[in-house]
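S.K.: Residue numbers (the working numbering), protein chains in the order written: chain A, 8 to 291; chain B, 8 to 291.
No wet-lab data here; the hints were simulated from the structure. Glycine included, C-beta positions come from ideal geometry on N, C-alpha and C. Any given hint could turn out to be false.
Unchecked claim - Each pair of labels, with its calculated beta carbon distance range:
id, chain 1, residue 1, chain 2, residue 2, range
1, A, Arg221, B, Thr146, 30 to 38 Å
2, B, Arg198, A, Asp179, 30 to 38 Å
3, A, Asp99, B, Arg279, 51 to 59 Å
4, A, Ser62, B, Arg63, 22 to 30 Å
5, B, Ser274, A, Glu150, 32 to 40 Å
6, B, Asn218, A, Asp99, 12 to 20 Å
7, B, Arg126, A, Asn195, 43 to 51 Å
8, B, Ser274, A, Asp179, 45 to 53 Å
9, A, Glu103, B, Lys243, 56 to 64 Å
10, A, Asn218, B, Arg63, 57 to 65 Å
11, B, Gly170, A, Asp288, 32 to 40 Å
Said to hold, decoys possible - Partial selection, computed: residues in chain B whose CB lies under 10 Å from chain A:
id, residue
12, Thr65
13, Ala67
14, Asp136
15, Asn195
Unchecked claim - Straight-line Cα separation of at most 27 Å, DSS-like style, residue types lysine-lysine; simulated pairs:
id, chain 1, residue 1, chain 2, residue 2
16, A, Lys158, A, Lys243
17, A, Lys268, B, Lys239
18, A, Lys102, A, Lys243
19, B, Lys243, B, Lys158
20, B, Lys243, B, Lys102
21, B, Lys239, A, Lys158
22, A, Lys268, B, Lys243
2 protein chains.
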Amino acid sequence: MIRNDAARETIAPTIGVFDSGFGGLTVLRSLIQHMPRARYAFIGDTARLPYGSKSRRTIARYAAQSAQFLVREQGAEFLVIACNTASALALDAIKEAVPGVPVLGVIEPGADAARAASRSGDVLVIATDATVQSHAYLTACRERGLRAIEKACPLLVPLVEEGWIDHPVTADVIDIYLNELRAEAAANDLRPDTLVLGCTHYPMLRSAFENAVRPGVTVIDSAESTARAAVKFFDKSPMRLVGGGPDETEVHCFATDSVEKFERLGSRFLGRPVGNVTLVDLGG
Amino acid sequence: MIRNDAARETIAPTIGVFDSGFGGLTVLRSLIQHMPRARYAFIGDTARLPYGSKSRRTIARYAAQSAQFLVREQGAEFLVIACNTASALALDAIKEAVPGVPVLGVIEPGADAARAASRSGDVLVIATDATVQSHAYLTACRERGLRAIEKACPLLVPLVEEGWIDHPVTADVIDIYLNELRAEAAANDLRPDTLVLGCTHYPMLRSAFENAVRPGVTVIDSAESTARAAVKFFDKSPMRLVGGGPDETEVHCFATDSVEKFERLGSRFLGRPVGNVTLVDLGG
């Protein structure tokens, strides 16, 4: 019995991580840094990306299918929705699809971190077009007493995927976007001291943004914030993440279609080899 | 009877135009310029774009559904596949899906135009990642006795969609891509005198490319080449495009999901208002 209890205590939980593509691997990377002692199952719904151009109903249906795959097929006991669009538009639908399983999105942790960091109460949020149109960050910031200005930065994802991380063109694009944001903030009489990176690709540009913002502005990496929120959940949970080091992390990646780009770019996002990506069919 | 024949002679054919998104509206724009006297039905499979990250099997299935919609629901008598990925990977599957209906892709007309323009026989092709990986232009050029070097330019589509058409960042990106292409051509002992714009978004950057290429290099706009190939088809066909002017063009656009971006950007691509875009459901 004692042996069994001890064994149970060291069994690491399975954490399911979902994204429409592979950008969410930056969230998985932060999760592994904070909680190396776990089994991770990551699914990228690459057959149907990008979710950003799709309707709420379609996104909810797709995201629910992936969540059910992680829970039913992979035994996930905790889900991280590492996709801003799905977190913004489909979090409730995902929770309904996997009753009893705790589900954490990326929006609330980012807004919490902005609340903790901002002294002026004024926040800038950059994200994809779809996330901005959902106003999910604006709403979450308002709920925390923050004023926020959001801006879609659609060139940043392709720049990251092109590998132009420390590239002068990327620095130019970041400057142009930040100048437009500052002008809009000034026109609205805001004094922002916090910048939220509201897209899972943007942590790859964290250094570039830290170099580009004015002194005294804090850059919030929502992948990092989400990982910290997950740690908090497990601190209060009976599921224990006992001891252990990076060697004990187990990662298995799945994709719903063409795994080539996932395998080619994924390791850079994850900061370690993604290994073989398994193709899965979630149906229509 | 005479009246009926006369009436039949002036009935314009319905031309179906298909793309995974709305970039193919540049092809529709060229078609209308060359053949204003027609009814056009355009479908963008926006629910499932981009095709570029999907497998050949999936692309073939999706493209066939759109082709069947254009023929069966819209009465299209001629199909233009205004999508490089579908033209490269699914043209045969589309032809099988709509037996008896002539189908024209965008790859062959672009390669024909390059053959007509090039004196050196050496050609540069720029396209999306997926089109380049298919090597469809390389193959089509080789079949015409041309040597070709292909390059994926994944930043150009988002730059066009951001509206940075005459923007210094876009000029920088074009210069970087062209310099890389020239270096690769020189390393392979090619003397290219022709540049094929092998993506339906790129005609929006035609002037920028014409400014960026070296003197004596011809820029081939594959939307324009495709429209000329369609005109040739109708010249030989019993379907007559009788007289008429731009006033008589009828255009109806359909999309499989979120029409907002389509309506917002489409008119710029089409060079005239796209009007109301009708949502259609093609199933899974």
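S.K.: So, for every hint listed, does it hold in this structure?
M.R.: Comparing the hints with the structure gives:
no.	hint	verdict
1	Arg221/A to Thr146/B: 30 to 38 Å	52 Å, violated
2	Arg198/B to Asp179/A: 30 to 38 Å	33 Å, holds
3	Asp99/A to Arg279/B: 51 to 59 Å	41 Å, violated
4	Ser62/A to Arg63/B: 22 to 30 Å	27 Å, holds
5	Ser274/B to Glu150/A: 32 to 40 Å	37 Å, holds
6	Asn218/B to Asp99/A: 12 to 20 Å	51 Å, violated
7	Arg126/B to Asn195/A: 43 to 51 Å	58 Å, violated
8	Ser274/B to Asp179/A: 45 to 53 Å	28 Å, violated
9	Glu103/A to Lys243/B: 56 to 64 Å	58 Å, holds
10	Asn218/A to Arg63/B: 57 to 65 Å	42 Å, violated
11	Gly170/B to Asp288/A: 32 to 40 Å	38 Å, holds
12	Thr65	6 Å, holds
13	Ala67	13 Å, violated
14	Asp136	8 Å, holds
15	Asn195	23 Å, violated
16	Lys158/A to Lys243/A	35 Å, violated
17	Lys268/A to Lys239/B	39 Å, violated
18	Lys102/A to Lys243/A	20 Å, holds
19	Lys243/B to Lys158/B	35 Å, violated
20	Lys243/B to Lys102/B	20 Å, holds
21	Lys239/B to Lys158/A	47 Å, violated
22	Lys268/A to Lys243/B	43 Å, violated
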